[in-house]
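Guided by the hints, dock chain B onto chain A, whose structure is given.
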Amino acid sequence: MRISLAVLAAALTAGGLQAQALRPNGSASFVWARVQSQVPAGTQDFAGNVFLGQGAVGLGRLQLSLSYLQGTLNRDGALGASRDLVEGTVMLGFRALDWLTLETGPHARAYALSGSTQRWLFWELRARAATAFVGSAAQGYAELWRAVAADANVPEPFDHAQGGEVGMILRLARAPLAARVAYRLDHAVLGGGTRLETVDGVVVGVGLAWH
Amino acid sequence: MMRGRSLVRLCAIAWALGVMPSALSAQTSDSLFATGVRAYKNLEFDLAAWLLRRDLAQLTAAGAPATERAAGLVYLGASDLFRGRRDSATAVFRRLVLLDPRFRPDRLVFPPEVTSLFDGVRLQTKTVTVEVPRDTTIVLGPGSFDIWLIASSFQNVEVTLRYADGAPFRALYAGPIGDSLKVPWDGLDAAAAPPPVNRVVLRVASRALTGELAGIVQVPLDLRLSRPDTLPWPPPPADAQLLPERAKSGAAKRSLLGGLLLSGAVAALPAVVGGTETPSGPRMAVAGTIGVAGLVGYVLHRPGRPLVANVRANQTLRDAWQRRVATTTAENARRRREVHVVVRAGEPSLIQPRGP
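Chains A and B are the protein sequences, given in the same order. For the first sequence, the working numbering assigns the number 1 to the initial residue and increments by one for each residue that follows. For the second sequence, the working numbering assigns the number 1001 to the initial residue and increments by one for each residue that follows.
Hints in this document: simulated from the structure, not taken from any laboratory. These numbers come from a predicted model, not from an experiment. There may be inaccurate statements among the hints.
[Claimed, not checked] The calculated SDA-like cross-link candidates involving lysine to any residue, where the alpha carbons are at most 20 angstroms apart (straight line), are:
{"no.": "1", "chain 1": "B", "residue 1": "K1248", "chain 2": "A", "residue 2": "S136"}
{"no.": "2", "chain 1": "B", "residue 1": "K1253", "chain 2": "A", "residue 2": "L170"}
{"no.": "3", "chain 1": "B", "residue 1": "K1041", "chain 2": "B", "residue 2": "G1143"}
{"no.": "4", "chain 1": "B", "residue 1": "K1253", "chain 2": "B", "residue 2": "L1307"}
{"no.": "5", "chain 1": "B", "residue 1": "K1182", "chain 2": "B", "residue 2": "L1307"}
{"no.": "6", "chain 1": "B", "residue 1": "K1041", "chain 2": "B", "residue 2": "L1098"}
{"no.": "7", "chain 1": "B", "residue 1": "K1248", "chain 2": "A", "residue 2": "W99"}
{"no.": "8", "chain 1": "B", "residue 1": "K1253", "chain 2": "A", "residue 2": "Q162"}
{"no.": "9", "chain 1": "B", "residue 1": "K1253", "chain 2": "A", "residue 2": "I169"}
{"no.": "10", "chain 1": "B", "residue 1": "K1253", "chain 2": "A", "residue 2": "L208"}
{"no.": "11", "chain 1": "B", "residue 1": "K1248", "chain 2": "B", "residue 2": "Q1322"}
{"no.": "12", "chain 1": "B", "residue 1": "K1253", "chain 2": "A", "residue 2": "Y141"}
{"no.": "13", "chain 1": "B", "residue 1": "K1182", "chain 2": "B", "residue 2": "R1207"}
{"no.": "14", "chain 1": "B", "residue 1": "K1248", "chain 2": "B", "residue 2": "R1207"}
{"no.": "15", "chain 1": "B", "residue 1": "K1182", "chain 2": "B", "residue 2": "L1242"}
{"no.": "16", "chain 1": "B", "residue 1": "K1248", "chain 2": "A", "residue 2": "I169"}
{"no.": "17", "chain 1": "B", "residue 1": "K1253", "chain 2": "A", "residue 2": "A152"}
{"no.": "18", "chain 1": "B", "residue 1": "K1253", "chain 2": "A", "residue 2": "A137"}
{"no.": "19", "chain 1": "B", "residue 1": "K1253", "chain 2": "A", "residue 2": "Y68"}
[As the list claims (entries may be wrong)] Some, not all, of what chain B presents toward chain A, calculated at C-beta under 7 angstroms:
{"no.": "20", "residue": "T1160"}
{"no.": "21", "residue": "A1164"}
{"no.": "22", "residue": "A1265"}
{"no.": "23", "residue": "V1273"}
Note that beta-carbon positions come from the ideal geometry of N, C-alpha and C, so glycine has one too.
Here chain A stands alone, though its shape is the one from the complex (with noise of 0.2 angstroms):
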């Protein structure tokens, strides 16, 4: 399925590639990021400040992108351990309209907990719209994404998941600059719903993107 994927995507865009230049971009950028796992013993939330680095590079219509986030949050409201939260994930996207780009990749999540690492996977597919809204300086965006399998070492079965972004990028007149502020919320259930993992947070920072 995911060998198919990638090779229509090629084959769709595979005459456009010719005198296409790379545009690569990136950005560093600081997340308010909330962790809250409910199961039947009681929920709790996790909050802290972790580092979010995002690279991409496009050839025509395709492109890859790849993020990392890491970082430790605090249990919230009482005492008690910490946990490091280590995230990455890899995505081939094809640009199917100038405002429309869909992406497909794998999705990995960590939580080092006292003496266990707490380990997730998902296989997404994510479709994104971005478009600017103030002159050519802001560009709003926003993304959904829904996975479509995924493994985690919890006892619950997975059941579903699904999560999305909305933000805005301002971008300097004449500098490849660019700020960016958006919120994200990821929403897993698994169980019948007996285990619920929400990690939403807000997202501040900057990036270069060469034209």
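Leaving out everything else, chain B in the frame of chain A:
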């Protein structure tokens, strides 16, 4: 003895002419001239004079060029001189001078008696030849229609332009002339205005040093005024070339609606993907930031706001058009001032005063 022999030969030729008129008519002027010159060189001056007169009569009737007639006249004059008919020779030389004031007999061919008589006649005969371009165009004012006068000898001339009825149009020159003289005409009349008629007569009156009128040469000049066409005005910049100078409402609405939509999307994201129990504070902060950005965008792109870059670009276009208009105006003014006159010269005619 010699004269008698020439007479006999002349009679023989006359008889032959009478017997064979058709044969003589077929004879070319060249052969008459050559025969006449041969007779002159054989000192048969009566025969030479008779042949050359006949040759000249044919050439005159045929309207032959002056150079051909001049060659015959000088031999005829010399023949008459040696026939002892000095008055006749003087008349022939006078005719020759009137025909071509520049003509000079070849001093290697003709003896001093002939050249002296010719020079005397030339000095006494006051005439000029007028040479003008047959068809030319000049610019009124700065242009020049050059009239060349070639004089037979030192004399006074009056060069005037006259209407067809003889009334004065413009006086060009009055004064002495030695060998030749160029008289320019700027195409204007006496009041420095373009000529109001399409035909004038160039008149050159020769006067002896005593003031006596010696001859008049007239050349009709056909005039035609032409004014160059003026250039059309350059068209002003088309509306399609001009950029809007005031912001339309589209960008402002897009900012406002985009901000509202994105803010709403941020606020509604938990409802879309789940996780509704997440705290709303950070989310609302992001939604508010985006909403404020939309409002700022609306203010920055408010309808009717002057678009400075577009105004500047349009002004550049309008300035370029104004420069083209100024250039065209100057060029048209120059063209209106620059009136051309086409001058076509007719055949000159010589008027000789009646003798006393």
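Hints, one by one, checked against the model:
The hinted pair formed by B:K1248 and A:S136 meets the criterion: a straight-line CA distance of about 16 angstroms does not exceed 20 angstroms. A hinted pair counts as satisfied when its Cα atoms are at most 20 angstroms apart, and B:K1253 with A:L170 qualifies at roughly 18 angstroms. In summary, the hint linking B:K1041 to B:G1143 is not supported, as the alpha carbons are separated by about 52 angstroms, beyond the 20 angstroms threshold. Distance hint between B:K1253 and B:L1307 is fulfilled; the C-alpha atoms sit about 17 angstroms from each other, no more than 20 angstroms.
Note on B:K1182 and B:L1307: the hinted pairing is violated, with a Cα-Cα distance of about 68 angstroms set against a maximum of 20 angstroms. Proposed proximity of B:K1041 and B:L1098 is contradicted: the alpha carbons are some 26 angstroms apart, above 20 angstroms. Proposed proximity of B:K1248 and A:W99 is contradicted: the alpha carbons are some 23 angstroms apart, above 20 angstroms. A hinted pair counts as satisfied when its Cα atoms are at most 20 angstroms apart, and B:K1253 with A:Q162 does not qualify at roughly 32 angstroms.
The hinted pair formed by B:K1253 and A:I169 meets the criterion: a straight-line CA distance of about 19 angstroms does not exceed 20 angstroms. Taking the CA atoms of B:K1253 and A:L208, the gap is about 29 angstroms. The hint is violated against a cut of 20 angstroms. For the hint linking B:K1248 to B:Q1322, the alpha-carbon distance of about 28 angstroms lies beyond 20 angstroms, and the restraint is violated. At most 20 angstroms may separate the alpha-carbon atoms for a hinted pair to count; B:K1253 and A:Y141 meet this at roughly 18 angstroms.
Between B:K1182 and B:R1207 the CA atoms are separated by roughly 18 angstroms; this keeps the pair inside 20 angstroms, and the hint holds. For the suggested pair B:K1248 and B:R1207, the alpha carbons sit about 88 angstroms apart, so the restraint of at most 20 angstroms is broken. Between B:K1182 and B:L1242, the direct Cα distance comes to roughly 60 angstroms. Violation of the 20 angstroms bound is thereby established for this hinted pair. Of the supplied pair hints, the one linking B:K1248 and A:I169 is violated, its CA atoms being roughly 24 angstroms apart against a limit of 20 angstroms.
With a C-alpha separation of about 46 angstroms, the suggested pair B:K1253 and A:A152 falls outside the 20 angstroms cut-off, and the hint is violated. For the hint linking B:K1253 to A:A137, the alpha-carbon distance of about 15 angstroms falls within 20 angstroms, and the restraint holds. Restraint check for B:K1253 and A:Y68: the C-alpha separation of about 37 angstroms exceeds 20 angstroms, so the hint is violated. Annotation: B:T1160 was flagged as interfacial toward chain A, and the flag is violated, the nearest CB pair being 79 angstroms apart, outside 7 angstroms.
Look at B:A1164: its Cβ only gets to about 80 angstroms from chain A, farther than 7 angstroms, so that hint breaks. Below 7 angstroms, beta-carbon pairs count as interface contacts, and B:A1265 has one with chain A at about 4 angstroms; its hint therefore holds. For the restraint placing B:V1273 at the interface with chain A, the shortest Cβ-Cβ distance is roughly 5 angstroms, inside the 7 angstroms limit, so the hint holds.
The structure is inconsistent with the numbered hints 3, 5, 6, 7, 8, 10, 11, 14, 15, 16, 17, 19, 20, 21, although it conforms to all the rest.
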